[in-house]
Amino acid sequence: MTPKCTANELLAILSARQLKDGMVVFAGVGIPLLAATLAQRLHCPGLTILFEGGVIGAFVEPGKLPPSTNDQRCTVRANMVLGSAEVLLLLQRGYVDVGFMGGAQIDQYGNLNSSFIGDPKQPKIRLPGSGGGNDIASLTNMIVAMKHEKRRFVENVDFITSPGWIHGGESRRESGLPLGGMRCVITELAIFDFDAKTRRMKPLALNLGVTAEQVQANTGFKLEFDSAVGVTEPPTEHELAALRGLDPERLYID
Amino acid sequence: MSSVKSYERLRKDLAERDRSLREKVVALKDIASFVRDGDTVGIGGSTMSRTPMALIWSLIRAKRKKLKCCRSITSSDGDLLFASAVSDHIVTSWFSQSILWGVSKVMRHYVESGKAQFEEWSHLAMGMRLRAGAMGVPFLPIRTMLGSDVLKQRPEAKEFDCPFTGEKLLLVPALNPDIALIHVQRCDPYGNAQIDGLQFMDIDLALAANKVILSSERIVANDQIRRAPDQTKIPFFTVDAIVEVPYGSAPHECYGVYEPMIRHMEYYVDRINKDPVEGVKEYLDRFIYEPKSWSEFLDLIGLEELLTATRAGNSIYDA
Chain Y
1 MTPKCTANEL LAILSARQLK DGMVVFAGVG IPLLAATLAQ RLHCPGLTIL
51 FEGGVIGAFV EPGKLPPSTN DQRCTVRANM VLGSAEVLLL LQRGYVDVGF
101 MGGAQIDQYG NLNSSFIGDP KQPKIRLPGS GGGNDIASLT NMIVAMKHEK
151 RRFVENVDFI TSPGWIHGGE SRRESGLPLG GMRCVITELA IFDFDAKTRR
201 MKPLALNLGV TAEQVQANTG FKLEFDSAVG VTEPPTEHEL AALRGLDPER
251 LYID
Chain C
1 MSSVKSYERL RKDLAERDRS LREKVVALKD IASFVRDGDT VGIGGSTMSR
51 TPMALIWSLI RAKRKKLKCC RSITSSDGDL LFASAVSDHI VTSWFSQSIL
101 WGVSKVMRHY VESGKAQFEE WSHLAMGMRL RAGAMGVPFL PIRTMLGSDV
151 LKQRPEAKEF DCPFTGEKLL LVPALNPDIA LIHVQRCDPY GNAQIDGLQF
201 MDIDLALAAN KVILSSERIV ANDQIRRAPD QTKIPFFTVD AIVEVPYGSA
251 PHECYGVYEP MIRHMEYYVD RINKDPVEGV KEYLDRFIYE PKSWSEFLDL
301 IGLEELLTAT RAGNSIYDA
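Read top to bottom, the protein sequences are chains Y and C.
Numbered according to my numbering, the first sequence spans residues 1 to 254.
Numbered according to my numbering, the second sequence spans residues 1 to 319.
Don't read these hints as lab results, they were simulated from the structure.
From a predicted model like this one, the values you see are computed outputs, not experimental measurements.
Fair warning: there could be bad hints in the mix.
What the hints assert, rightly or not - To spell it out: a stretch of chain Y is covered by chain C in this simulated footprint if at least three of its residues, at any positions, have a beta carbon under 8 Å from a beta carbon of chain C; those stretches are:
no., region
1, 17 to 23
2, 174 to 180
3, 223 to 237
To be verified - Which stretches of chain C does chain Y cover? Using the computed rule of at least three CB atoms under 8 Å from a CB of chain Y, they are:
no., region
4, 25 to 39
5, 127 to 133
6, 161 to 169
7, 234 to 244
8, 275 to 287
9, 296 to 307
We put the beta carbon where it would ideally sit given N, CA and C, even for glycine.
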């Protein structure tokens with residue numbers, strides 16, 4: 001029997017499973033922070049979490065989730081605090097295994113938009129912008145966790161804030177970004193990776209009870225489902241209990 | 001025309017400053033006299049952390065105009081700067097109150113209507129622009145923003161082929177603000193400032209700026225600074241004025257002293273989400289223009305909320 005859970009709970013748990021013990025992960029606020037902290041409590045006690053505010057080796061306390069990655073709560077039980085430029089430079093030097101972010105809008109090549117909806121010259125909506133997102137996405141291998149909606153999964157984003165594979169093929173490398181790139185997208189419907197050659201997003205596994213048609217219907221570009229597409233393991237009671245213990249006020253999991 | 005100063009100009013501006021070892025303590029109401037309309041103002045802290053809110057509050061009351069404000073990440077301070085017409089141009093990597101409250105409707109109103117400009121750089125680019133400014137060089141190379149539309153909007157940054165490796169890099173221009181506003185936990189009357197916890201980009205900001213105003217939770221004796229020189233992050237000779245302002249980041253947080261005053265922030269966000277134009281105007285009247293003093297503003301936040309935030313702030317030191 002699969003326990004009932006919210007879309008954000010599913011996202012956090014599936015994302016946490018992507019992290020491996022011993023990794024160094026640079027986590028954004030919201031689901032990434034929560035999922036990295038969950039992984040630390042479950043299967044990755046040796047996970048090193050970095051935050052943009054200037055934190056290495058965070059151990060966020062249950063029930064005291066920080067409202068941003070720049071708050072003092074991010075430093076609880078950490079190994080080190082340092083300047084914001086310094087922590088981002090660790091990405092540039094290559095010390096970070098995985099960057100982990102949320103997303104407002106993503107396209108077929110894994111480019112993320114968090115800056116403008118509509119024409120940037122006369123935007124329908126001005127979004128908050130890059131923060132460290134552009135830097136993380138430019139410099140390391142990326143996991144993104146986000147809600148799966150047609151308006152969020154578009155053929156081409158209105159604006160590339162944080163680069164994925166840009167226009168596919170070799171275009172990322174040719175832009176001056178030889179390393180890193182979008183590796184994995186996790187949604188409440190499915191998990192995706194990217195074709196090694198074309199760099200287009202492709203379904204890797206569907207979440208339990210989700211059909212290919214359902215995923216396609218919620219995606220603004222054509223997906224190729226091959227016979228190897230698997231099914232993800234649903235969240236366990238143990239994972240859900242641990243997650244709910246971290247966010248008892250349900251700041252991020254509702 | 002480039003906004004980057006020549007090296008000789010940069011050195012000349014610095015040489016003209018009074019960098020003597022002298023006491024620099026002034027009253028909060030006097031800090032506006034250090035800021036000229038049109039200045040580029042670097043703001044310390046990040047998001048809701050160590051925001052120099054009392055200094056910003058004071059500039060808003062003094063009705064400064066056309067300030068170009070630069071901050072690593074901008075929170076409700078940016079809303080207030082736009083809505084008070086103190087600033088019509090904010091240079092930053094991210095701008096909203098906090099992820100807890102979605103996209104700032106005040107920011108959206110001003111930017112989408114073209115009344116004000118939100119100039120976006122990546123977070124690392126903001127850091128390296130200030131670092132270049134602090135180092136006295138006109139630019140620094142970085143490996144981000146390349147290939148993105150963030151770069152397409154920033155012709156001030158230049159793509160460049162490395163003369164050693166041939167690799168493509170991005171050169172970001174130095175940022176040397178006319179004035180920096182920085183809030184710290186403690187400093188002495190000369191301006192030797194100690195920052196606990198997260199330092200963000202504040203050290204580079206202090207070194208890069210042509211003038212620095214500090215607000216400090218406490219002003220302490222020079223002897224106390226000398227007992228822990230490893231905690232001193234900003235040297236006195238970069239500093240031009242100091243104000244002692246307890247709770248000087250309220251309603252944002254100050255590391256180890258108080259966490260954000262979430263109920264006050266929620267009140268603010270709720271009000272502006274209902275009506276960004278009237279809501280923020282009402283907030284400015286009630287919380288910035290009408291109080292007679294910073295203490296009276298704190299009174300409006302309320303003792304209960306200050307105590308809750310203080311308890312949480314102090315708890316960072318619990319083992």
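Now for the hints, and whether the structure bears them out:
1. 17 to 23: violated (count 0)
2. 174 to 180: This one holds; 4 residues, not fewer than the three required, reach chain C with a Cβ under 8 Å.
3. 223 to 237: violated (count 0)
4. 25 to 39: violated (count 0)
5. 127 to 133: holds (count 4)
6. 161 to 169: holds (count 3)
7. 234 to 244: Per the Cβ count (0), the hint is violated.
8. 275 to 287: Per the Cβ count (0), the hint is violated.
9. 296 to 307: Our answer is that it is violated, as 0 residues pass the Cβ test (under 8 Å) against chain Y, missing three.
The structure is inconsistent with the numbered hints 1, 3, 4, 7, 8, 9, although it conforms to all the rest.
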